[in-house]
Each structure stands twice: as C-alpha cells, then as structure tokens.
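Visitor: Based on the sequences and whatever the hints tell you, model everything.
Below are the chains, spelled out letter by letter.
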Amino acid sequence: MPEQSSKGEVGVEVIAPGGSRRFVRIEETPFLIGRSGETAKHLQLKDPRISRQCAAIVSDGEHYILEDRGQRHGIFVNGEKISRRELQDSDVISFGVENFYELMFQSSLHDTSIPELLSRIENITSSDAPAGGLHKLKLLLEATSLLHSRLPLEAVLGTMLDHAISVTDADRGYLLEPLASGSMRLRLGHGRGGTRLSTAEAAPSQTALQQAIALQESIITEDLAQAGGSLQAAESIIAQRLRAVVVIPLYAMSRASTTDSAIQQKRGEFLGVLYLDSRRPAAFSNLDRQILDALGVEAASILDNARLVERERERERMEQQLAIARDIQQALLPRGLRDFPHLGIKGINLPCLTVGGDYFDVFSLGPGRTAFIIADVSGKGLGAALLTTMLQGALSGIRMGIEPLQVFKHINSFLCEHEEVERYATMFLGILGDDGQFDFINAGHPSPFLLRRGGIDEPCTEGSFPVGLMPDAEYVPTQMKLSPGDTLVLFSDGVTEAMDPDDNLYGGPRLRDALADLQEASLDHVQTTVLTSIEAFTRGAAQADDITLLLVRYRG
Amino acid sequence: MALKITERVVDGVTVLALDGRIVLGDETNEFREKIKALLAEGRKKILLNLDNVTLIDSTGLGTLVSAHHSASSRGAFLRLSNLGSKFQEVLQVTKLLTVFDVSPTETEGIKSFSS
Chain Z
507 MPEQSSKGEV GVEVIAPGGS RRFVRIEETP FLIGRSGETA KHLQLKDPRI SRQCAAIVSD
567 GEHYILEDRG QRHGIFVNGE KISRRELQDS DVISFGVENF YELMFQSSLH DTSIPELLSR
627 IENITSSDAP AGGLHKLKLL LEATSLLHSR LPLEAVLGTM LDHAISVTDA DRGYLLEPLA
687 SGSMRLRLGH GRGGTRLSTA EAAPSQTALQ QAIALQESII TEDLAQAGGS LQAAESIIAQ
747 RLRAVVVIPL YAMSRASTTD SAIQQKRGEF LGVLYLDSRR PAAFSNLDRQ ILDALGVEAA
807 SILDNARLVE RERERERMEQ QLAIARDIQQ ALLPRGLRDF PHLGIKGINL PCLTVGGDYF
867 DVFSLGPGRT AFIIADVSGK GLGAALLTTM LQGALSGIRM GIEPLQVFKH INSFLCEHEE
927 VERYATMFLG ILGDDGQFDF INAGHPSPFL LRRGGIDEPC TEGSFPVGLM PDAEYVPTQM
987 KLSPGDTLVL FSDGVTEAMD PDDNLYGGPR LRDALADLQE ASLDHVQTTV LTSIEAFTRG
1047 AAQADDITLL LVRYRG
Chain C
50 MALKITERVV DGVTVLALDG RIVLGDETNE FREKIKALLA EGRKKILLNL DNVTLIDSTG
110 LGTLVSAHHS ASSRGAFLRL SNLGSKFQEV LQVTKLLTVF DVSPTETEGI KSFSS
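So the sequences go chain by chain: Z and C. Heads up: the first sequence at position 31 corresponds to 537 in the working numbering, and the numbers run straight through without jumps. Heads up: the second sequence at position 102 corresponds to 151 in the working numbering, and the numbers run straight through without jumps.
Worth flagging that the hints you see were computed from the coordinates, not collected in a lab. Mixed in with the good hints there might be a few duds.
Per label pair, the in silico range of CB-to-CB distance [what the hints assert, rightly or not]:
| no. | chain 1 | residue 1 | chain 2 | residue 2 | range |
| --- | --- | --- | --- | --- | --- |
| 1 | C | Gln141 | Z | Arg590 | 53 to 61 Å |
| 2 | Z | Ile588 | C | Lys93 | 55 to 63 Å |
| 3 | Z | Gln716 | C | Gly74 | 38 to 46 Å |
| 4 | Z | Gln836 | C | Ser134 | 30 to 38 Å |
| 5 | Z | His924 | C | Asn78 | 15 to 23 Å |
| 6 | Z | Glu980 | C | Gly133 | 23 to 31 Å |
| 7 | C | Arg123 | Z | Arg555 | 44 to 52 Å |
| 8 | Z | Ser687 | C | Lys53 | 37 to 45 Å |
| 9 | C | Phe149 | Z | Val982 | 15 to 23 Å |
| 10 | C | Gly69 | Z | Gly1013 | 16 to 24 Å |
| 11 | Z | Arg555 | C | Phe149 | 46 to 54 Å |
| 12 | Z | Ala686 | C | Arg123 | 32 to 40 Å |
| 13 | C | Pro153 | Z | Val982 | 23 to 31 Å |
| 14 | C | Lys93 | Z | Phe869 | 43 to 51 Å |
The following residues of chain C were derived to be distant from chain Z, with all beta-carbon distances above 12 Å [unchecked claim]:
| no. | residue |
| --- | --- |
| 15 | Glu56 |
| 16 | Val58 |
| 17 | Val64 |
| 18 | Leu65 |
| 19 | Gly111 |
| 20 | Gly124 |
| 21 | Ala125 |
| 22 | Phe126 |
| 23 | Asp150 |
| 24 | Ser152 |
| 25 | Thr156 |
| 26 | Ile159 |
For lysine-lysine, the following DSS-like pairs were computed, each having C-alpha atoms within a straight-line distance of at most 30 Å [claimed, not checked]:
| no. | chain 1 | residue 1 | chain 2 | residue 2 |
| --- | --- | --- | --- | --- |
| 27 | Z | Lys852 | Z | Lys987 |
| 28 | Z | Lys987 | C | Lys144 |
| 29 | C | Lys144 | Z | Lys915 |
Bear in mind that the values here come from a model prediction, so they are computed numbers and not experimental data. All C-beta atoms, glycine included, are put in the ideal place defined by N, C-alpha and C.
Guide: Below, the structure is given as structure tokens:
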C-alpha cells in the first residue's frame, strides 16, 4: 500500500463533459463535493442532477477515502458503485449520471517517483541524442505497461511535454488528440517548469495545426511576417500575439518497418499533435529539423504506448463489470442446495465465458412438492446471461402460485414479441411430489436421463418447442411416477455438445455410458463422474458452451 | 471456419447448398443476409441442402427458424433436405422437425414444391 502522507500534492482532476480539465488540490479533509453551498465548499459541480451534498474525501492520515454522502444516483469508482472506498492514484470517480463530470484522483506519489525512476534509468542507459530523455521515458512506459502496473498516464505525458518544452525552449506545450469527428481535442497543457495549464483557455492556432496535419510533417513558423500567406491571415495567432509556433504531428510507427526510409513511406495511424509556442519572435529559429523529427518519433511512440495502456485499462474496466455480472449470476443460483425431505439435489453451472446462458433453480411449492428448472438460452456470454435473469424472474411466478403452463406461455409470447432479441430458450420444469408423482413441462430441452434399478431411460422426450421461437406453441404437462431411489440427471446441451480438439461431440450415448452403474452412487459421485468423463473426452479443448448439470434423487 | 453457401436454381426452386458450420457469429450472419436478399428479390421457393453441414449450434437453429418465419410472412416457402443425423436429432429434441418440411434428398425436395 503506497503511503500518501508525503508532502506533495494530492487532488482531483475535474474532467468536464466536454473533455476540459482542471486540477483541484485537496488542502483539507473532509473534502466536500456536491452541488452548492456549505455542503460542497471544496468542489462544486453545478448541475441539478447532482445532490447538494454528494460525496466527501476523508483521510485517516495515511490514505484517502471516498464516501458517498447522498448522491442520489450513486457514487462510482472506476465504474463500480461504492459507499466507501480507499482511493488509489488515477482512480476515476463518477456520479451515476451520463455526460457528466468525472474526477480523477491524483496523489503526488507518482509525480515525484517518475523523475526518480527516470534518473535510475539514466544510470542504466546513456544516450547523447537530443531526445534521449524521451527515449528513456519511452523505455519506462514500455516497462510499466509490461508490468501491468497502474501507470500514471497524465504524469508520463506531462513529463513528455516538459521535455519537449525544454528541448525547444518554448513557453507552452500542448498535446492534442484527434476525435472521431476529425476535430482535435486538447489533452494536456504545460508551461515552463512543469506548470499545468488549463486546456480550456488554450487557443492553439488552428491554421498552423491544419497545415502541419495536411503536410504530415513538423512546421515551424518563426516570425509572422515571414510566414506563408495563409498563416499571416490566421486570426488566432494575431489574437494571442504569438510569435513562434512549432507543430509536430505524431504518427504511430508501422511496427513491422524499422528502417528510416520505410518509416517515411509507411506512416502509421495519426495519433495527435505536439504543439509548442513562444512569445519570443525568433524562439525556434535555431531549431534543427532533426531535433523536431526525433522529438516527433519519440513522442509518438510514447503516445502510442499510452494509448495501448489506456485500452488495457478500458479492458480491465470491462472485465470488472463482467466480474460483477458473474457474481450476480452465481448469487442468483439457488443457495446452499439443501436436501428436501423427499429428495436429494445437486447442481452445478459452469459458464464457458465469464457469464452464461444456462440457469437452474430449485424451490419448494408448499408441503411435499418441489419444483426444479433447467433452462438454456441460445448463444452464450453476456447477451444470453441477460435473458437467463429475465427467465428466472418470470419463472418465479410459479413460486407465487401462477400455473406453470401460463408462465411458459407468457415467456414464449414475450420472447416472440421481442424477436429482435434473436434469442430463445429451451426449458425443462419438473414438479416432484413426496408420493413420487412427477409432472413436467418440456420446452425443447433434451430429456433428462432417469437412473433406476434395471437401467437408464430418457422418459421426458414429450414436449413442445423452445420458448421464443413459435408464437403459437402450446405447452402440455406430462405426468409420470417415480420410484424411491430414482435419479433424474438434467443437463444442458453444453454437456452433450462438449467438443474434443477434433470437433467431435461428447454426445448422449457417452453421457449414458458415464452414468451406467451409478444408480446407487451418491449424487456427489454422480456429478464428479460426469464432469470427469467430459473432461477426459475434451482433452483440454476450450469449453464451447455453458455446462449445467442438475441431479434430483427421489427418496420416497 | 466459414459457412460456404452455393446457390443454384432448379425448376424454379432456389437451392442453397450449405457447407460448413451454422454457428453463432459470421456464419449465421452470412446466412441470415443471404435469405433476406433472396426474399427481397421475390424468390418464393427456397430449399436448403444441409448435406455438408458439419455442425449447428443453438444460435444456428434459431437463425433457421427465423428464416422460416421470414419466408412464411412473405408468402414464400423454405424447406430442408439432406439432414444429417445430428441435425435430425437437434430438430427432434426441440420438436422443430414438425415446423420444417424435410425431404431426404435434394431432388425430392425440389419436387415437393410442385406437388
């Protein structure tokens, strides 16, 4: 755990919906955030969607902790809803409202550690090239991205700007990134000596930017009087009385080509622009084009790596979201499958992706009657998972006393009405009484195997279409009788369609073989035997579909 | 592994010979687009020869059923021939065998449209 009690700066970078940023230092705690007045004296975000008193950052002397103090849409850290959370550098705080401010928490730790790390690298590598410092920064970036660490991107990019400013002796430096719309967004601005500049007030010369982008090479415009006609006319240059501008367009290097000539011929993706200016008329007159080119190449490579890191972080955020979905999905499975008086139960659900389209449930329908359900939504992953949750909700109607047939019919017509969902489900519902009376409704699901003395049977092939395919499907309950000791093995087609590396299917007959002679075995043993058999068959091939197994033994 | 679709017209019947896997992803998208295009052209008799289909998953099955629905709603007919045993089994389990008109061979499938 990093110590944040060091003397340096701690604060939040306030990122407005339009992308502009400002830094607000945390000088005292609790640091109050909200819409207005006393309740938000440190950071006011004037918007009706945010609560008057919204959140606070408190400190225990060592760490900074974010607390939800009543934001009506919730407080989120890196997309995860929290009520209280210790903040780490670069954590992004949001407010559950779209197109709204975001706050990026920043502790000084990294700002001070970067020069430190740089100086360490300096001792390892030595380079006399003008952009040598940037080269080292690039090394650092590559190293940290490899290490998967929490990289302080803003600090890296800021250091890059500082270096560019000192190499060119400019007053200000800006980094601009292209937006999908084609216009440029100011990402970061620095002044001499590493001061952070507000990007909101910066007005880089559009003419100079466009010219450099069109030419695909660095431009230096030294004295306005000597510049080309189009530049002389540029109002923003005159408005700010800027005398000298350097614009360096940055392109990703085509990774395959290493020789200089190849880089010239094959420019990669346009990444952004390094924009430097100075109020001193001839500030850039002595700048060597080679220096600018070297600066451009190094800065581009840093930006390129930075973007890779950002993408990686985005992916991590998505993974976090998926992990939350997985936890919810697993938590929605029946809890602690206790044995019911007249039957034993064992179930397992193994999604092939983080979340899946299989689902099972077991619940009591009053004294002596137990219902169990297995359902398999077509497709897999998040899309299918959303639908399993909907199925579970609808099927819980049975628990509330609604006729199962009606529930099946309702789910069927609901999914058919929403055909653009393009998913359907096979479902099997069984209701087992303590007298062995077994009623089932089968909607296109493979029949469970029935293990009983004397053999294995597939007694439930009767049934109708899956739900969500045929609007006029009729569902009919079928009745049969179970004897004490009978075991039903319900499964999703992920079991029978498990594939080996040569794409052969596991298949019903193999499952039947695996179940042979298990009539008397414990349900634990039955489950393990089936899973082991599938595993042996697939020989390590990636699981292609969700696997669900539900065992029900009638005890009598 | 893509799904290969070969199209031929025999006696006014559009025969699509499917070769490969009808599974979630590009394969089903490609198939869906093909059927959509044929129906938009006004083709009324479509026969799917499934002889060389090596695998169909639940999404593939859903796509076939929705192709059948689209055809019916435009007054067109979508029929199947040369079902492999696996496919037959899937249609059996899901009871969808009754939804499709199925012929054992392509020739019989083509004939079925004129009877």
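Visitor: Looking at the structure, which of the earlier hints fail to hold?
Guide: Number 19 - this is the single hint that the structure violates.
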